[in-house]
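Trainee: Just so you know, the sequences run in chain order V and L. Start counting the first sequence at 1; every next residue gets the next number (our numbering). Start counting the second sequence at 1; every next residue gets the next number (our numbering).
Treat the hints with caution; some may be incorrect.
Label-pair distances were calculated between CB atoms; the ranges are [what the hints assert, rightly or not]:
#1 L/Leu118 <-> V/Phe11: 41 to 51 Å
#2 L/Phe269 <-> V/Thr66: 49 to 59 Å
#3 V/Arg105 <-> L/Ile24: 31 to 41 Å
#4 L/Leu29 <-> V/Thr158: 26 to 36 Å
#5 L/Ser85 <-> V/Gln188: 31 to 41 Å
#6 L/Ser26 <-> V/Thr66: 18 to 28 Å
#7 L/Leu175 <-> V/Leu17: 34 to 44 Å
#8 V/Phe61 <-> L/Glu62: 37 to 47 Å
#9 L/Leu40 <-> V/Thr158: 46 to 56 Å
#10 L/Asn111 <-> V/Ala284: 40 to 50 Å
#11 V/Trp206 <-> L/Ile93: 48 to 58 Å
#12 V/Phe61 <-> L/Leu19: 39 to 49 Å
#13 L/Trp22 <-> V/Arg199: 35 to 45 Å
Residues from chain L shown here face chain V by an in silico Cβ test under 10 Å; the list is partial [said to hold, decoys possible]:
#14 Ser52
#15 Ala77
#16 Leu81
#17 Ile82
#18 Ala86
#19 Pro158
#20 Leu278
Residues of chain L placed beyond 12 Å of chain V at every Cβ, according to the derived structure [stated by the list, open to error]:
#21 Phe61
#22 Asn70
#23 Leu132
By construction, these hints were calculated from the structure, which means they are not laboratory data. Source: prediction; values computed, not measured. Don't be surprised by glycine CBs; every beta carbon is placed ideally from N, CA and C.
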Amino acid sequence: MPQNKQGREIFLWQPWLLLTPTLITLMALVLIPLLQTIRLAFTADAHGLVPPHAGLTFENFHLLATDTAWWHAAGTTILFALSAVVVETALGVALALLLQKMDIRLRGFLLAIMLLPWAVPAVVAARLWGWMLNPHYGIINAALMTVGFIHQGSEWTTSPMGMLAIMVLVDIWQATPFMTLLALAGLQSLPTDTLEAARMDGATPWQTFRAITLPLLWHPLMAAALFRLLDALRMFDLSSVLYGADIHGMTLSVFVQTQIVQFGAQGYGAASALSTLAIIAMTAVLFWACVSRLAPKHMP
Amino acid sequence: MRLPAGTEAYAVSHLPSSLWRWVILSVALLQPLLPLYWALVTSFRKGSDLFSTVPFAPPSFENYSGLLSNPTWWHDAANSLISASAVALITLILAIPAAYALGRMSFQGRNTVLALLLGCAMLPQIAILSGLFTVISKLGLYNRLGSLIFADLFFALPFAIWLLTGFFRDLPRDLDDAGRLDGCGIMRRILIIHLPLVWPGLAATGLLTFINCWNEFLFGLTFTLSDSARTLPVSIGLISAPSRFELPFGLIMAASLLGTLPPILLVLFFQRRIAAGLTAGAVK
């Protein structure tokens, strides 16, 4: 901290002046709406299921606890996010290991192509895959029938598990490039001399990967996975475009948005939004605890 | 860090022996392209041709000409372009001074601000949705493009500041001291000395913000009611037909591809900048 001649700290106003426009914007955009959400969550809806009465109430949360649609959405969201992130991380590392060995120009070209699904709006990705997986005219059913894997078109979206699997598939298509990029950045920052030494000592590529690359890569990789997990836990677009407000494919974000916009239940919507925050936080904390326990040991 | 030149030469000279690697890579290359190709094929089909699985066919331009002669489509595209550019611009204007303060000055409360920004970046959109609805109605912005520009700052601004702070921090410390000794004020230091140097970071931040806002769906769906403020993803998401089996897939794919063109072109032209920004955002 900067100090004046007497050794007292001087208050630096310059950085705060530079931060003021941002802080004011975020206050209007985050703090006030968040406080408003919290207030609404404890207020009864004028037109909602709960009879309106003045003052604070826990009624919204009581209702939520017995709402099967809500619990279904929570399960769908957690299952979706965890399965998508695990596959994306594994695929990302595998692709990054391959790309790392490439000539730099070829790698740039490949990365540009592989980044395309990431740039596609999620709405478009949902439309595109929804069309390809169409049970009657979809190209995927047609291709599988031509090859002989199936004899009649499969109805991919009839079971809740099928609906979930399709969301996971589309998310993998879109988000794997992100994990590949981060894994590649991690790989390129590893000490080359250690890897070289392992190779000289006759370690197989798999041994090198298990004993050196993975332990060194683990921490940044899992930080990236956590980042991705938080993103996947708030997924809205795919579920909304693919299934509308169908309870079997609904994620928490869709549940909350439907309550607020379609049903105009501001209080119930706010209560479900706060509960969604709690579920996201819990999932993230549990994920991090598991990941820290699973961390591979660096073998000498 | 790149591998030493010798390692690359070694890898290239052994390429034929690692056939499996090329098999995986061609799959990795085809999986982004095949779905997009199928969308392209579908977008040139009409009527019963839609249900043909032949990969090539004489194209019909009906879907595209229908879209491009529809004023609503142009209106949506203009809305998308205006809101995404406006958010990118406003975000940069707000984020540059903030990121300078956080990246290059040490002051009490700096870490608190950084932690709060990270918290904001992790907050899901629905956490503030009902509150933001009230704020936007009070500001008289509901069902206007302004509501979207305002709301998009929620995720764009914390992300941009976080990203730019890293880029500012990486500049050498001497720059500020030299500027200060020459009697250069803080605004001039930022504008004349730092901005030209963090140019790559600014470009990455601007591009990522633009793409994120162009693709944004939740706020667009929530804060617009009529065509007047609707963006492309929202109108693509809302295209429907009287019956579930009569969805106009050719039209949907044509609209989807046209709406995807800007982000795709940006990725193809600025792949390196965007990749650097994405990596920096998560690592720094």
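Trainee: Would you mind marking each hint as holding or not holding in the structure?
Mentor: Evaluation of the provided hints:
Between L/Leu118 and V/Phe11 the C-beta distance comes to about 25 Å, which lies outside the given range of 41 to 51 Å. Take L/Phe269 and V/Thr66: their Cβ atoms lie about 53 Å apart, and the range 49 to 59 Å holds. Between V/Arg105 and L/Ile24 the C-beta distance comes to about 20 Å, which lies outside the given range of 31 to 41 Å. Here the CB-CB span from L/Leu29 to V/Thr158 is close to 33 Å, well matched to the stated 26 to 36 Å.
Taken as a hint, the range 31 to 41 Å holds for the pair L/Ser85 and V/Gln188, whose Cβ atoms sit roughly 33 Å apart. The hinted range of 18 to 28 Å is not satisfied by L/Ser26 and V/Thr66, whose Cβ atoms lie roughly 52 Å apart. For the pair L/Leu175 and V/Leu17, the supplied restraint of 34 to 44 Å is violated, since their beta-carbon distance comes to about 20 Å. Separation of V/Phe61 from L/Glu62 is about 53 Å and departs from the stated range, judged on CB atoms against 37 to 47 Å.
Our hint of 46 to 56 Å for L/Leu40 and V/Thr158 is violated, since their Cβ atoms are close to 29 Å apart. Look at L/Asn111 against V/Ala284: about 21 Å separates their beta carbons, and that is not inside 40 to 50 Å. For V/Trp206 and L/Ile93, the hinted distance range of 48 to 58 Å is satisfied, since their beta carbons lie about 51 Å from each other. Between V/Phe61 and L/Leu19 the CB atoms are about 59 Å apart, so this pair departs from the stated range of 39 to 49 Å.
Between L/Trp22 and V/Arg199 the C-beta distance comes to about 22 Å, which lies outside the given range of 35 to 45 Å. Interface hint status for L/Ser52: upheld, as the beta-carbon distance to the closest one in chain V is roughly 9 Å, under 10 Å. Using the Cβ-Cβ criterion of 10 Å, the hint placing L/Ala77 at the interface with chain V is not satisfied: the shortest such distance is roughly 13 Å. Given hint, L/Leu81 at the interface with chain V, is violated; its Cβ is 14 Å from that chain's nearest Cβ, farther than 10 Å.
With a cut of 10 Å, the hint placing L/Ile82 at the interface with chain V is violated, because the nearest CB-to-CB distance is about 17 Å. Because the smallest distance between the Cβ of L/Ala86 and any Cβ of chain V comes to about 14 Å, over 10 Å, the interface hint for this residue is violated. A cut of 10 Å between beta carbons decides the hint on L/Pro158: the least distance to chain V is about 7 Å, and the hint holds. Interface restraint check: L/Leu278 against chain V, minimum CB-CB distance 6 Å, threshold 10 Å, status holds.
A cut-off of 12 Å between C-beta atoms confirms that L/Phe61 is not in contact with chain V; the least separation is 19 Å. Every CB of chain V lies more than 12 Å from the CB of L/Asn70, the least distance being 18 Å, so the non-interface label holds. At roughly 4 Å, the least C-beta separation between L/Leu132 and chain V is not larger than 12 Å, which violates its mark as non-interface.
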